[in-house]
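For reference, the chains in residue letters:
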Amino acid sequence: MTNPLLARFIPEARELLQVSASGLLKLERNPTDETAINEVFRAVHTIKGSSGLFDALALTRLVHAAEDLLGEVRSDALQIDSALVDMLLDSLDQVGQWIDELERRAVLPTDADAVAHRMSTLLRQRLGTPDDAPGGEPADALPGTDPAPGDAAATLPPALLARLPAPACLDAFRRACGGETVHLVLYAPEPGCFFNGTDPLQAIQQVPGALALDIAADQPWGPLEDLDPYQCNLHFALLSTAPRPEIEQAMRYELDRVTIAPVRARDLVRIEGAASDGPIWDDFRAAASAFLDAGHHDDLRKAVAALRSVAGPTLWRRQALDWLEVALSAGEPDRDLVAALVAAAGTGRFDPAPADPCPAGEAPAQQPASQAADPREDLARTVLTSQQRALERTGYDAERLASVGTVVGNVLLSLGRDAERGAIRAALDEARETRSVAPVLSALSAVLDGAPLQRVEAAPAPAEALPQGFAEDAASVPVAGKEPEGRLAAKSLKVDQAKIDLLMNLIGELVVSKNALPFLAKRAEETYASREMSREIKEQYAVIDRLAQEMQGAIMQVRMLPVAEIFDRFPRLVRDLARKLGKRIDLVLEGEDTAADKTIIEALGDPLLHIVRNSLDHGIEAPEERRAAGKPATARLLLKARQEADSVVIEVQDNGRGIDPARIRAAAVAKGVVGQEEADRLSDQEAINLIYRPGFSTALEVSDLSGRGVGMDVVLTTVEKLGGQVSVSSRLGEGTTTRLALPLSMAVTRIMIVETAGSLYGVPMDMIVETVRVPRERIRMIKKAETFVLRETIIPLLRLSRLLHLPEQPRGEADAAVLVCHVNGRRVGLIIDNFREGMDVILKPLEGVLAGIGGYAGTTLLGDGRVLLVLDLRELL
Amino acid sequence: MSGKRILVVEDGITMRMFYQDVLGRAGFVVEEAANGVEGLEKALLGGFDLMIVDINMPKMDGYELVTRIRREPSLQAIPVVTISTEAKDADASRAYAVGANFYIVKPADPVLLVETARLLTGAQA
Numbered sequence: 001m002t003n004p005l006l007a008r009f010i011p012e013a014r015e016l017l018q019v020s021a022s023g024l025l026k027l028e029r030n031p032t033d034e035t036a037i038n039e040v041f042r043a044v045h046t047i048k049g050s051s052g053l054f055d056a057l058a059l060t061r062l063v064h065a066a067e068d069l070l071g072e073v074r075s076d077a078l079q080i081d082s083a084l085v086d087m088l089l090d091s092l093d094q095v096g097q098w099i100d101e102l103e104r105r106a107v108l109p110t111d112a113d114a115v116a117h118r119m120s121t122l123l124r125q126r127l128g129t130p131d132d133a134p135g136g137e138p139a140d141a142l143p144g145t146d147p148a149p150g151d152a153a154a155t156l157p158p159a160l161l162a163r164l165p166a167p168a169c170l171d172a173f174r175r176a177c178g179g180e181t182v183h184l185v186l187y188a189p190e191p192g193c194f195f196n197g198t199d200p201l202q203a204i205q206q207v208p209g210a211l212a213l214d215i216a217a218d219q220p221w222g223p224l225e226d227l228d229p230y231q232c233n234l235h236f237a238l239l240s241t242a243p244r245p246e247i248e249q250a251m252r253y254e255l256d257r258v259t260i261a262p263v264r265a266r267d268l269v270r271i272e273g274a275a276s277d278g279p280i281w282d283d284f285r286a287a288a289s290a291f292l293d294a295g296h297h298d299d300l301r302k303a304v305a306a307l308r309s310v311a312g313p314t315l316w317r318r319q320a321l322d323w324l325e326v327a328l329s330a331g332e333p334d335r336d337l338v339a340a341l342v343a344a345a346g347t348g349r350f351d352p353a354p355a356d357p358c359p360a361g362e363a364p365a366q367q368p369a370s371q372a373a374d375p376r377e378d379l380a381r382t383v384l385t386s387q388q389r390a391l392e393r394t395g396y397d398a399e400r401l402a403s404v405g406t407v408v409g410n411v412l413l414s415l416g417r418d419a420e421r422g423a424i425r426a427a428l429d430e431a432r433e434t435r436s437v438a439p440v441l442s443a444l445s446a447v448l449d450g451a452p453l454q455r456v457e458a459a460p461a462p463a464e465a466l467p468q469g470f471a472e473d474a475a476s477v478p479v480a481g482k483e484p485e486g487r488l489a490a491k492s493l494k495v496d497q498a499k500i501d502l503l504m505n506l507i508g509e510l511v512v513s514k515n516a517l518p519f520l521a522k523r524a525e526e527t528y529a530s531r532e533m534s535r536e537i538k539e540q541y542a543v544i545d546r547l548a549q550e551m552q553g554a555i556m557q558v559r560m561l562p563v564a565e566i567f568d569r570f571p572r573l574v575r576d577l578a579r580k581l582g583k584r585i586d587l588v589l590e591g592e593d594t595a596a597d598k599t600i601i602e603a604l605g606d607p608l609l610h611i612v613r614n615s616l617d618h619g620i621e622a623p624e625e626r627r628a629a630g631k632p633a634t635a636r637l638l639l640k641a642r643q644e645a646d647s648v649v650i651e652v653q654d655n656g657r658g659i660d661p662a663r664i665r666a667a668a669v670a671k672g673v674v675g676q677e678e679a680d681r682l683s684d685q686e687a688i689n690l691i692y693r694p695g696f697s698t699a700l701e702v703s704d705l706s707g708r709g710v711g712m713d714v715v716l717t718t719v720e721k722l723g724g725q726v727s728v729s730s731r732l733g734e735g736t737t738t739r740l741a742l743p744l745s746m747a748v749t750r751i752m753i754v755e756t757a758g759s760l761y762g763v764p765m766d767m768i769v770e771t772v773r774v775p776r777e778r779i780r781m782i783k784k785a786e787t788f789v790l791r792e793t794i795i796p797l798l799r800l801s802r803l804l805h806l807p808e809q810p811r812g813e814a815d816a817a818v819l820v821c822h823v824n825g826r827r828v829g830l831i832i833d834n835f836r837e838g839m840d841v842i843l844k845p846l847e848g849v850l851a852g853i854g855g856y857a858g859t860t861l862l863g864d865g866r867v868l869l870v871l872d873l874r875e876l877l
Numbered sequence: 001m002s003g004k005r006i007l008v009v010e011d012g013i014t015m016r017m018f019y020q021d022v023l024g025r026a027g028f029v030v031e032e033a034a035n036g037v038e039g040l041e042k043a044l045l046g047g048f049d050l051m052i053v054d055i056n057m058p059k060m061d062g063y064e065l066v067t068r069i070r071r072e073p074s075l076q077a078i079p080v081v082t083i084s085t086e087a088k089d090a091d092a093s094r095a096y097a098v099g100a101n102f103y104i105v106k107p108a109d110p111v112l113l114v115e116t117a118r119l120l121t122g123a124q125a
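Heads up: the sequence lines are chains A and B, in that order. Under the UniProt record's numbering, the very last position in the first sequence is 877; numbers go up by exactly one each time. Under the UniProt record's numbering, the very last position in the second sequence is 125; numbers go up by exactly one each time.
Keep in mind the hints are simulated off the structure, nothing from the lab. Do not take every clue at face value.
Listed below are several chain B residues computed to face chain A (Cβ distance under 8 Å; list not exhaustive) [claimed, not checked]:
1) 14
2) 15
3) 48
4) 67
5) 76
6) 78
7) 96
8) 98
9) 105
10) 106
11) 107
12) 120
Chain A is nowhere near these chain B residues, computed Cβ spacing over 12 Å in every case [what the hints assert, rightly or not]:
13) 21
14) 37
15) 44
16) 119
Note that beta-carbon positions come from the ideal geometry of N, C-alpha and C, so glycine has one too.
Bound conformation, chain A alone (with noise of 0.2 Å):
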């Protein structure tokens, strides 16, 4: 994954997604936990907006969709039950899922698409009726309400002015004759795009300051045994107030398929209407001439107006009338337009482009929207009309006026009219004094009439005013290489975790080599005869060493992860499970904020996963029963972690039926686990304890959780390579609390080096109960076996050399050095030669053509430069 933008987002949005699970699971249990929405909400308004910076619009759209939903919640106007929770964990997992995908490959699978529109349909379905479209004309205008075939072909553009409503266009009209800019965006969906997820109706929708909205079919609909409901054969058309940043940005998905350019008044004009005839018409006409070449429009005006009122509203030229007065209201109106609407009211004919100094026949709107004539001053006029609009709303407030100075002031400077600076400071100082807007306001009129915003000079061309290096989407924006000077230190750090374990390993080579010096000091006092030189090497050693251990300690630290990392996710598996199987159960978590080593907490959650599913299926019983048993019908289940010595210790409490020695005995006698004999010799806990074995499975009625072909006995395997321990404890009946207890950290292992064979050995120390010498008379044959006894234990014995097949070494008088040692939950005995020091190591696996060869826990490097091998005494035995 080379996008470092992504590499921030995904374990961002894992986190959120986290977030979001387990506060909708709070929700479920309480609808009213205001806190928990508005966790849920923002959470998933982050992804949302994160997600925005990347080629993931599937995932944009699905998380926008539970985002709407989760706002109706927030807002009460939706309620929240477990079906809803079902649907949106259904929709965050599979948010996850992409997330997953997007780490792998850094794009969506290719039916994310199909999928983002299944289940987002899904969630809006639940919202009830999409807002209603302003205005209700774009409603009226839905694809299939009147699919007339005819109908559509004889609309198609370039007549596609013609057929916005009358009044939008003279609305439209209007505002163009007032100097705003009128923007007709013309949008052509994908036909497949919804498959895509895209609902064209609510993008265009999404675009401000609409005016109007037509809706008409692409392609002639054709027979009805032919249509194709999946195929979009729309075409939006819209007239919108809104400057052209702001229609992209509301397009910005489907910027391809939109052109957007503004509207000359002129091309508004529509006039229907009965044709009539009579000579008053040719008398105003020549009137009106005779005041617009005169340049006098109050005079045109009552003209206008006196004829409108004697001419029937269904006329032609009643409605040229109307358009005029409207062209006339302007301040300062369009001759040209003004003269061509006289035109028009005297020979019934609209000519839309009488000199104009623009060609009609490029009827605007074809120009694609990425080409825009020029953003930056287009945006610098959005930015100015935006204070202008603010002052007008607030009128006088000396706050608002400081801050639309400063941006005044700089919009200006930026765009390098030093001189209109000192205008619109003067109008500031007018403003403070005469406690009001207004000399503000003209002054900005004044800066935005005057055309062109940008001196040309100072205004290099849009592509070379970008940053080096830019790219077309934020996705692949790389990170810049310097950062900028001044900026504050952050106060966490998010890290790869590669990057930890290269420095715990470079800690670990460290820690090695400085116990090469102690040898070295002896060398310097045995072959060198320097004994002071001895002494300084074994200062420096120890300053080394406590430094190699603070460093050890401080890197381990940094691996620590809490153990909510995996309580976390059995709220919802827990829940899951709970409604398959028609228990009810309330889980309680204590402790999550325990700490251990990564490694542990890593490899902790298969075997808790197991448990936690072995408790549920077999210990806690279906509500029924307990409530024939006088128990609560919901059970309760306990996980529960904490820190003991050098250990975390993770309990999982139920109180379900408990576990039936009398039961286990049976089962295990039948699947041959053990003999009939020995399961009668066994007490209740050893019975228990049975479970563990291999080839135990516990499923005394399989159902579909636990018949899944593994049983405890991977508990038991997976916890003891880790170096823990596993104990069960049950009371029939009452419930049932399994224990795991498990070391901090796994980075360092201390060994115990043995002798054997001549060769040196490690023995990891978790497996060493006790060293013992025993004198040869006490070890004792029983059926070739040796043994001995050990504070009235036998416990059998083995040799190391032979079971490492190494040559045998003769047996002399002396007494035997005895480990002894807990492997898979039994003690033995092996027989070294000789122990050795015990030393903290870091394990390295055996690698390449090595990693084959069982019985090896690792190697690790002596003082000497020796590698040592570990011992894996359960693989071994």
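Got chain A sorted already, so can you dock chain B onto it with the hints?
Chain B alone, transformed into the frame defined by chain A:
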């Protein structure tokens, strides 16, 4: 290099990185705050030429933050751009009403973002 200082107040870590990258690359010095409260604290330290404020944030949302900024005599003149995923007129109106100078819809186009920042800080292209 304009050296103009921008305070970005945004709760999304990815979005912050985006602003840092896009604006930093264009020569701005970008500082970050993860929520409204932190944003107000940093803004009060002074020295910023522009604030970019996300609307939907924990602790103190963008509207509230802008309202409070405008109540501070030392911050009344600072240009403020609000950013939100909502393209609704009502949201923009509300932002302007509490004292914002400009409103951008998220995800902001990098070009638009840089140009807006330049215009509002008086930086040359």
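Results of checking the hints against the structure:
1. Hint on residue 14 of chain B holds. Least Cβ distance to chain A is approximately 4 Å, under the 8 Å limit.
2. Taken as an interface hint, residue 15 of chain B checks out: its beta carbon lies about 5 Å from the nearest beta carbon of chain A, inside 8 Å.
3. Interface restraint check: residue 48 of chain B against chain A, minimum CB-CB distance 11 Å, threshold 8 Å, status violated.
4. A cut of 8 Å between beta carbons decides the hint on residue 67 of chain B: the least distance to chain A is about 10 Å, and the hint is violated.
5. Interface restraint check: residue 76 of chain B against chain A, minimum CB-CB distance 4 Å, threshold 8 Å, status holds.
6. Evaluation of the residue 78 of chain B hint against chain A yields a held restraint, the C-beta minimum of about 6 Å falling below 8 Å.
7. Interface restraint check: residue 96 of chain B against chain A, minimum CB-CB distance 5 Å, threshold 8 Å, status holds.
8. With a cut of 8 Å, the hint placing residue 98 of chain B at the interface with chain A is violated, because the nearest CB-to-CB distance is about 10 Å.
9. This hint holds: residue 105 of chain B has a C-beta 5 Å from the nearest C-beta of chain A, less than the 8 Å allowed.
10. The beta carbon of residue 106 of chain B is positioned within 8 Å of a beta carbon in chain A (closest approach about 5 Å), and the interface hint is therefore held.
11. Hint status for residue 107 of chain B relative to chain A: holds, with the closest Cβ pair at about 3 Å, below 8 Å.
12. The beta carbon of residue 120 of chain B comes within 6 Å of a beta carbon in chain A, closer than 8 Å, and the hint placing it at the interface holds.
13. The beta carbon of residue 21 of chain B sits about 6 Å from the closest Cβ of chain A, which is not more than 12 Å, so the claim that it is off the interface is violated.
14. Annotated as non-interface, residue 37 of chain B keeps its C-beta farther than 12 Å from every C-beta of chain A; the closest such distance is 14 Å.
15. For residue 44 of chain B, the condition that its CB be more than 12 Å from all CB atoms of chain A holds, with the nearest at approximately 14 Å.
16. Not every beta carbon of chain A lies more than 12 Å from that of residue 119 of chain B, the smallest distance being close to 5 Å; the non-interface claim is violated.
Comparing the model with each earlier hint shows violations of hints 3, 4, 8, 13 and 16; every other hint is respected.
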